[in-house]
Structures are given as C-alpha cells and as structure tokens.
Amino acid sequence: MQSANEPALDPGEAGALGASAAGRRWTRLKFQLRFLLAVLRARPMFALGYFIVLTIIILGVFAPLIAPYPPETANPEDFLQLPSGRHLLGTDATGMDIFTRIIYAPRIDLTIAIAGTVISAVVGSLIGALVGYYQEMRGIRAFFAGFVMRAADVLQAFPVFVFAIALVAIFGQSLQSIIAAIAFVNTPIYLRLMRSQVLAIRNMRYVEASYVSGASDVAIMLRHIIPNSLGPILSQLSVNIGWSVLLTAALSFVGAGVVAPTPEWGSMIAVGFQSIITGQWWPSVFPGIALAVTVFGFALVGASVEVLADPSRRRALGGTLRQKPSGAA
Amino acid sequence: MSAVLEVEGLVKHFPIAGQRAVVQAVNGVGFSVARGETLALVGESGSGKTTVGRCVLGLIPRTQGAVRFHGAMIDKRHNIRSRDLRGKLQLVFQEPAESLDPRMRIGETIGEPLRQLDMAQVDRVKRVREVARRVGLSEASLEQFPAELSAGQQQRVGIARAIVTSPELIVLDEPTSALDPTARAEIIDLLIRLQKELDTAYLFISHDLSTVRYVSHRVAVMYLGMIVEQGSAAEIFSHPRHPYSIGLLSSVLLPNPKLKREVRVDLKGEIPSPIDLPNGCYLAGRCPFVDEQCRAAMPPADQVGDGHFVHCYHHRKALSGQVALDYFDDFQAKAEQVLGAGRR
Chain A
1 MQSANEPALD PGEAGALGAS AAGRRWTRLK FQLRFLLAVL RARPMFALGY FIVLTIIILG
61 VFAPLIAPYP PETANPEDFL QLPSGRHLLG TDATGMDIFT RIIYAPRIDL TIAIAGTVIS
121 AVVGSLIGAL VGYYQEMRGI RAFFAGFVMR AADVLQAFPV FVFAIALVAI FGQSLQSIIA
181 AIAFVNTPIY LRLMRSQVLA IRNMRYVEAS YVSGASDVAI MLRHIIPNSL GPILSQLSVN
241 IGWSVLLTAA LSFVGAGVVA PTPEWGSMIA VGFQSIITGQ WWPSVFPGIA LAVTVFGFAL
301 VGASVEVLAD PSRRRALGGT LRQKPSGAA
Chain B
330 MSAVLEVEGL VKHFPIAGQR AVVQAVNGVG FSVARGETLA LVGESGSGKT TVGRCVLGLI
390 PRTQGAVRFH GAMIDKRHNI RSRDLRGKLQ LVFQEPAESL DPRMRIGETI GEPLRQLDMA
450 QVDRVKRVRE VARRVGLSEA SLEQFPAELS AGQQQRVGIA RAIVTSPELI VLDEPTSALD
510 PTARAEIIDL LIRLQKELDT AYLFISHDLS TVRYVSHRVA VMYLGMIVEQ GSAAEIFSHP
570 RHPYSIGLLS SVLLPNPKLK REVRVDLKGE IPSPIDLPNG CYLAGRCPFV DEQCRAAMPP
630 ADQVGDGHFV HCYHHRKALS GQVALDYFDD FQAKAEQVLG AGRR
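Keeping their order, the protein sequence lines are chains A and B.
According to this note's numbering, the stretch in the first sequence is residues 1 to 329, in order.
According to this note's numbering, the stretch in the second sequence is residues 330 to 673, in order.
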C-alpha cells in the first residue's frame, strides 16, 4: 500500500503526471475496478444484490435461449405436473412449464417497473428541484411551489394500490397504462425527496460561493444542486424498482394488470392460487419466490448505491485504498 | 484615497415567523474600505458582523441603506451577478469543508468563478494552476476531492477560488476560526502576502482579536448591530475609547500569563436580545459608566481623531485613568520572538 498522505512529492508520480490522457483514463479505470472489489469484499451483501439483479436481467434477456418450452402454449396433457427432470419447476393447471414462464416474466415485470420508476424519478426530481429551489422566495414561484406540494399531498393521501387500480381502469388494461399508473403513484416520492435535498443543499456554502461569483440559477442547479442530491434519488430508484415489480404483480394478481397468458409473476401466482387448495403448491410458490428474491435484490442494490454515491462514506468503505491524483499507478 | 466599497446606514431586520416583532440584526452600519486596505469587523457572537458581510454581497436582501462599489449602487437590479460586477467581489467562508462542493475536484472548484466570466477552457486551466501555485497548493492536489485535504489546505482552496477572478474586494468571514493555530498562522500570512501582491481590499470579519490586530489596518467594533467604535487598528488597540471595546480587548486571553493587566472595564451579563433593543445606548445595561443620559438616547458619533469615531458620552472618562499600553504589541513582540527563533 502506498503512503497516501503526501501526494505529488514522489518522483514516480510526477513522471506519471505527464502521461497521456488515454493512459490516465486506463489507470483510473483500473483503480475503480480495484475499488469495486474492495467494496464487495467489505460488504458481501452488496455483491449478493448485484448478483441477483444481474441474474434476473440475464435470464429475462436470454429467456428464449434458455427456456425449454414456449411460454404461452398450453399443453393440457401435462397439467399440474410435479417438479421433475422434464419440468424443472412443474407445470400449472393448463400444462404450461413454470420454469419457462418464470424466466420469461422479468421481460414484462422489469420493463414495467423500470420504465414506470424512471419516468417518475425524472419528472418528480425535476419538479422537486424547482420547488425546493424557489420555495423560500416570494411571489408567483413560491405560490406555485406551495401548490405543487399540496397537490402531492392529495396524491399521496390515496391508498397507492387502489389509486393504481383506478388509473388502470380509466386508461384501459394495457402495458402503457400500467406504466403510467406506476409512474403516477411514485412521482410524489421523488418530488419530496428531491425537494428536501435541494432545501438542504441550496443553503450550502459552496452554493453561496457560486452565487457570489455570478452563476445563474440554472448553472447553480446543474453544477451543484442536482449532482449533490442525486445519491438518495438513485438509491430510492433501485429500492423503488423492486417495489414497483411488487405493485405490477399485485395489479396482475387482482386482474387489473397484465392479461392472463402473458408470463408475469403476479398473474402466475393468481392462476396457481386456485390449485393450492387441492395440494398443488408449486404453480404459486415458485413465482412468489422469484418475486421476493427480485425485490430483495433491488433493495440491496439500492443500499449499495446510497453508500457509493456519498463521497465520504465511499472513502470510508474503500479503507486504505484511495484514489491517487491523476495518473498515479 | 478612493473607496472600493462604501456602506451607508445599513439596516437588516429578520422577520420572526408568526410574530410582528423582528430581529434587528444590523442597525445603521456605515463604513468604507479602500484599495489594498483591510477593515476588520469585530464583535462577539450575535453582534451582526456576518450579516453585514452577507448584505454587502447581496446574499441576503437588506432592509435599508446603501452599498456602493466604486461609487455605483449595488441593489436588486444591479447586483453581484450583473456582468460588470462578476468576479469583482468575492467571499471566503469560515467553514472550509462546507464551502467546497464535495463532488468537484479541487481544480474545478477553483476555476468555477471563471466560467461566469466566459473564459476559454485552456485559459481557465492555466489561470487555476497559477492561482494554486500562489496559495501554495500542489499541482497534484488539483485532481483531488475536498475530503482528501486538511482543513488548512481546504481553506487555501477557498482563498484560491476567491482570488482567481482578481477581485477588488474579498469578504473574509472568520476565515481562520475553524483552523488549528499552525494552519491559522499560515493562512493569515498567505492573506497578508496576497493583499500586498494584488492590492485587494479585505473586509475581515472576526471575533479573534489577536488575528485582527495582525492583519487589519482599520477596525470597526460592532455591538448589537451597530458600530460603536471605528478607527485605525493601532488607535483602537492602544487607546480604545468605547467601554465595549475596552471590555472586549481586556477579555482576550494572552498566551503569556506574566503579561499582567488590570481589568479596566468589566462587562457584566449577556448581550441583550436583538428583538427588543433598549431605547438609549445598547450597552447601558452592562456598562460601568452608565448614567441617565445613556439610558435616554443613543449617543451620536463623536470624532476623536483622524477617522476615529466613537458612540459614547463618557469616552473621555473611559480613556482617562487607563494606561496607554498595547498588550497586543507586547504579545506580538513576544510571539515574534518565539516564532522567529523557530523559523531561523
């Protein structure tokens, strides 16, 4: 380990300063990889989270190559088979292979969850940043800020699930309307989160320094406020994706979400649910486990993002490992 | 001597939520700072010195009064973000860590004010390096993040960011009070050297009188939002006339216990609440010289020397009987003796 406290005084480093930009980028990349490994060693749960999320995404993307059966073709001869060599996780009441359908499901579930959450995060953060920045001022902008916050209060006062069902009922039962419903119910979360971040950051000394040197509101927001408030947003994003998967599944479970033959965890649980009473537990339990593991994985990733996005906590985690000034090996 | 900054009758009241009353933080403050000059604003916590600095820069709107920069009014329209004022006034904060964006590399932070001046990227990098050298930051540290530097280094970065635009006035808001003594001495030396090189005017806000003695040309003593005494540093430190100044000066702990001094003015009690100020002199409740006159009306400014003003009816009484002895000179001599020995 290098002695990290006195930069730039050792001659090797001074030589490296003159290195080409490409070389510098390469050393930085190498450093970041080493850093990531150190973090994963210190927090194995983060590694588990990344592993789960990556596995689910890969399974979803390569489902047509991996799956042994077509996902939406019923085979009545093979109905309600126990898990076996032929059907890894058994079959459901219509004879569709459960393993196949479980690995096809992320295609729908994750698409809806990620799209809905990202839309709500972008819209919510932008509005939240504006509201937070202008709230303490007077005039029309402060009035607008107050209005937005009360509107968010009203939105959040509705039970989320009932509200989502109502939205789907209004817009019709399609992929887009489920995404819209999820985006809509999540937006106030990001709005509040961003607003509270901005309220804290806009009074920081470095924002004042920027103001004194003549930076415009837009420049201050883009340069200081948004980058510094992004950490909690990103971490919330990951947790929220898991949570949105759950909401999508729940909507499908009650029949307000994805329509029946499409492979989706919630509707699979709903379909299998009828067989549980007669002793066939597998059509419901396996999609349920897949769902739980997914939510857990995204929650872990969210926790890791929260730590990694905070420079001081990241440094603490990296321990002795420390980024040397440019170009140092 | 042309003034870089003139402040006249500055008043700042902060509203209290849900109440009619206001916090009268600053009540009619006036001063001017000339080129290459350091004016120190001193006073205890709550005296409104920081508020004055923030009003001057327009970080908070003022209630009343005028601020002029080279004779031109600074107001809502023509403010610190206006094109012709950009980079002319700068600010250094008390808390070095909080004054730097934790996500920006040091080089970026120092160069940020230049972006408002539409300077090309290449020139910016060159200028940042030059300034970094001036304040004693290594080239490698420009690539680091603020949390990787010590407090003293961070304050150097804050100073570098302030001087990068070659400002004419820098408001230094307690720039040394968060630092340990060694770093403090280094930063003070740096500030004095920079002022000599760049001829910048400093508005030096501090409660640390031993530092003030060392850096300032003129001193304004603030109490409850008004300047009770203003004059050259040598005058104020050797012949303070306002009872508050005398009390403030005799409250400083000298590092040498053998330097004896008799307590001339013992200020009792706490600073009154700035929400309902007394009618007469603000110090009436704590002052040993107080009489009816003091309680009735605020004493007007009395000029007692060249540019030396004092707001007190009894400043002659306060001055008489006091030995004209600048403890700080003694201290200074002692300190230089000790430090000088170490340096050589």
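Hints are computed from structural coordinates only; laboratory data are not their basis.
Glycine residues also receive a C-beta, built at the ideal position from the N, C-alpha and C atoms.
Wrong hints could be hidden among the right ones.
Chain B is nowhere near these chain A residues, computed Cβ spacing over 10 Å in every case [unchecked claim]:
hint, residue
1, Tyr-50
2, Thr-55
3, Pro-76
4, Pro-83
5, Phe-158
6, Ala-180
7, Ser-210
8, Leu-234
Some chain B residues close to chain A (C-beta under 7 Å, calculated; not the full set) [claimed, not checked]:
hint, residue
9, Glu-337
10, Ser-428
11, Gln-445
12, Ala-476
**OP:** Could you check that no beta carbon of chain B comes within 10 Å of the beta carbon of A:Tyr-50?
**Re:** holds, 23 Å
Original post:
Can we keep the B:Gln-445 interface hint, with Cβ of chain A closer than 7 Å?
Top reply: Interface hint status for B:Gln-445: holds (4 Å vs cutoff 7 Å).
Original post:
Should the interface hint for B:Glu-337 be scored as holding, given a Cβ-Cβ cut-off of 7 Å against chain A?
Top reply: This interface hint is violated because 21 Å lies over the 7 Å limit.
**OP:** Let me know if the C-beta of B:Ala-476 comes in closer than 7 Å to any C-beta of chain A, holds or violated.
**Re:** Holds: closest Cβ of chain A sits about 5 Å from B:Ala-476, inside 7 Å.
Subject >> Non-interface claim for A:Phe-158 versus chain B (Cβ beyond 10 Å) >> reply: holds, 31 Å
Subject >> Exclusion check [A:Leu-234 not at the chain B interface, CB over 10 Å] >> reply: holds, 13 Å
Subject >> Least C-beta distance between A:Pro-76 and chain B, which was stated to exceed 10 Å >> reply: With a cut-off of 10 Å, A:Pro-76 remains clear of chain B, as the shortest Cβ separation is near 60 Å.
Original post:
Non-interface claim for A:Pro-83: all C-beta distances to chain B beyond 10 Å?
Top reply: Nearest chain B Cβ is 50 Å from A:Pro-83, so the label holds.
Subject >> Given as non-interface: A:Ser-210, which should sit over 10 Å from chain B by C-beta >> reply: Incorrect as stated: the minimum Cβ-Cβ distance to chain B is 6 Å, not above 10 Å.
**OP:** Quick one: work out the minimum CB distance from A:Thr-55 to chain B and report holds if it exceeds 10 Å, violated otherwise.
**Re:** holds, 32 Å
**OP:** May I ask you to test the interface hint for B:Ser-428 with respect to chain A, counting a Cβ-Cβ separation under 7 Å as satisfied?
**Re:** holds, 4 Å
**OP:** Report holds if the minimum CB distance from A:Ala-180 to chain B is greater than 10 Å, and violated otherwise.
**Re:** At about 34 Å from chain B, A:Ala-180 clears the 10 Å cut-off, so the statement holds.
This entry does not satisfy hints 7 and 9, going by the numbered hints stated previously.
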